[in-house]
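Residue-level listing of the chains:
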Amino acid sequence: MPPELPDLPDLPGLATADDFELWSGAAGQEPHSLVELLNRVLDRGVVITGEVTISVAGVELVYLGLNAVLTSISSARQHLGYP
Amino acid sequence: MPTERLVGYCIRRSGDAQPEGLRGVEGAEVRALRERGLSLWVSGDVGGAATVERVREHDAVIRAAMTTATPLPLRYGSHFADEAAARELVRSRAAEFEESLGRVAGCVELGVRILWKAPPSPEAAAPRRGGSGREYLEARRAEMGREEAARQRDSALLERFDRHFPAIPAVRRPGSEPGVVGSVAHLVRGADLPSYRLLLQSAREELVETDLIVTGPWAPYSFV
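Residue numbers (numbering that gives the first Met the number 0), protein chains in the order written: chain E, 0 to 82; chain P, 0 to 223.
Because the hints were derived from the structure by calculation, they are not lab data.
Source: prediction; values computed, not measured.
Hints may be right or wrong, so weigh each one.
[As the list claims (entries may be wrong)] Just the calculated beta-carbon pair ranges, DEER-fashion: (1) Gly80/E <-> Pro173/P: 22 to 30 Å; (2) Gly132/P <-> Gly80/E: 27 to 35 Å; (3) Gly80/E <-> Ala117/P: 40 to 48 Å; (4) Arg140/P <-> Gly80/E: 34 to 42 Å; (5) Gly80/E <-> Glu137/P: 29 to 37 Å.
Ideal Cβ placement from N, Cα and C applies to all residues, glycine included.
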């Protein structure tokens, strides 16, 4: 089963989450949502240090910047338990 | 001052609501370090490598901050040797953080992922091993021609998409696999969300050869 997607916050003064067709709900889009999350949290945001430790196949690696997307859609689908 | 290694989640103004009983990565308690009119949310660094679950936990703390005021999200893995180092970081970049907070105040980030509806045309056979050198080069040249044509198609489509969102700050990420044109991040003021929804609708109506997957609202990861 794909994991629960996080609740969207009600933002003061903004449209509520219900007003938006977010997370679109259509089957098969969760892998894309996962990639969107990973691209932001791992490759955007304020950078404090130059390194993040990432585990690939159980080996911890330090990388200094993310060029390629960490996961392809096929990997994201696998992680989420899609065939 | 404590010497515990810390991880950081986001930066806000000191006057913004502080974390109350909030748990971060691996359940570590989130607290605020106030410095120079700013507030850095941190928790103890439990060590270990990134996992999807931890990434979600990191974003969840930032979303909790978002419910009261737009924060500056930190990239996952932002760690500090100790509290003194964290405070020093805020002091040294306070002006930059203030400027960014002003720029994103009252805004959220929306993500639009653009996919081609029809599957990509079947790949012609990759250059064969064992064929002649000339055959290989010709096949390779054809393959590069196809890749370039695909890039141009994607680029043309992104331009058509962008025209629906004039004057909205946007950051593009080209797609890295067949069928994915790319992702666009938009910075949208709260008050403009209803009209933004109409712009999305008009984009959907024009770009009938694509699916637009909208995610968010996010903290402004792409605009800090």
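Status of the hints after comparison with the structure:
1. The hint said 22 to 30 Å for the Cβ distance between Gly80/E and Pro173/P, and at roughly 28 Å that hint holds.
2. One distance hint, 27 to 35 Å for the beta-carbon pair Gly132/P and Gly80/E, is violated here, with the actual separation near 46 Å.
3. Between Gly80/E and Ala117/P the beta carbons are some 27 Å apart, a value that contradicts the proposed interval 40 to 48 Å.
4. Roughly 41 Å separates the CB atoms of Arg140/P and Gly80/E, a value that falls within the hinted 34 to 42 Å.
5. With their beta carbons about 43 Å apart, Gly80/E and Glu137/P fall outside the hinted range of 29 to 37 Å.
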